[in-house]
Amino acid sequence: MARIWSDENRFRTWLAVEVAATETLAEAGLVPKEAAQAIKQRADFRLDRIHEIEAEVRHDVIAFTTAVAEIVGPHARWFHYGLTSNDVVDTAQALLIRTGIPKPSAISPAS
524 MARIWSDENR FRTWLAVEVA ATETLAEAGL VPKEAAQAIK QRADFRLDRI HEIEAEVRHD
584 VIAFTTAVAE IVGPHARWFH YGLTSNDVVD TAQALLIRTG IPKPSAISPA S
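Residue numbers 524 to 634, in the numbering used here, belong to the letters of the sequence shown in order.
Source of the hints: derived by calculation from the structure; they are not laboratory data.
Being a predicted model, the structure only gives us computed values, none of them experimental.
Treat the hints loosely; a few may be bogus.
As the list claims (entries may be wrong) - Computed beta-carbon distance windows for the label pairs: (1) G605 <-> A525: 16 to 24 angstroms; (2) S608 <-> D571: 16 to 24 angstroms; (3) E593 <-> E557: 16 to 24 angstroms; (4) A578 <-> K556: 33 to 41 angstroms; (5) R600 <-> E550: 15 to 23 angstroms; (6) R565 <-> T622: 32 to 40 angstroms; (7) R569 <-> A525: 16 to 24 angstroms; (8) A543 <-> I585: 32 to 40 angstroms; (9) E557 <-> A525: 33 to 41 angstroms.
For every residue, glycine included, the Cβ atom is placed at its ideal position computed from N, Cα and C.
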């Protein structure tokens, strides 16, 4: 469970959400396809860099997107395009919860 909720895994999940969103926007013609391809190929982060930026800006998503943009390079302007922080965080949170609950049907509402 600790691995699922680690910073590394949380940011990896955010990255997967961001890349999927960029690819979808490219398919819809809202993001250049070459930008989506470049983002998919280059998108990565250094955990220490995210923490360094977050200490300054005090916003985890801004720190994350800034750290990824530094690695992506010129196509970074399309990273996080059209998304809010909640779009990324909430979607990733749902994916992480699903990962942590192998049998969702085993959960029953409180009586």
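Hints, one by one, checked against the model:
In this structure, G605 and A525 break the distance hint of 16 to 24 angstroms, their C-beta atoms being roughly 33 angstroms apart. S608 and D571 have their C-beta atoms about 21 angstroms apart, which keeps the hinted 16 to 24 angstroms range intact. Look at E593 against E557: about 20 angstroms separates their beta carbons, and that is inside 16 to 24 angstroms. Between A578 and K556 the beta carbon distance is about 36 angstroms. The supplied range of 33 to 41 angstroms therefore holds.
With their beta carbons about 19 angstroms apart, R600 and E550 fall inside the hinted range of 15 to 23 angstroms. At about 25 angstroms, the beta-carbon gap between R565 and T622 misses the expected band of 32 to 40 angstroms. A hinted range of 16 to 24 angstroms for the beta carbons of R569 and A525 is consistent with their spacing of about 21 angstroms. Checked against the hint of 32 to 40 angstroms, the pair A543 and I585 fails, with Cβ atoms roughly 20 angstroms apart.
Between E557 and A525 the CB atoms are about 39 angstroms apart, so this pair conforms to the stated range of 33 to 41 angstroms.
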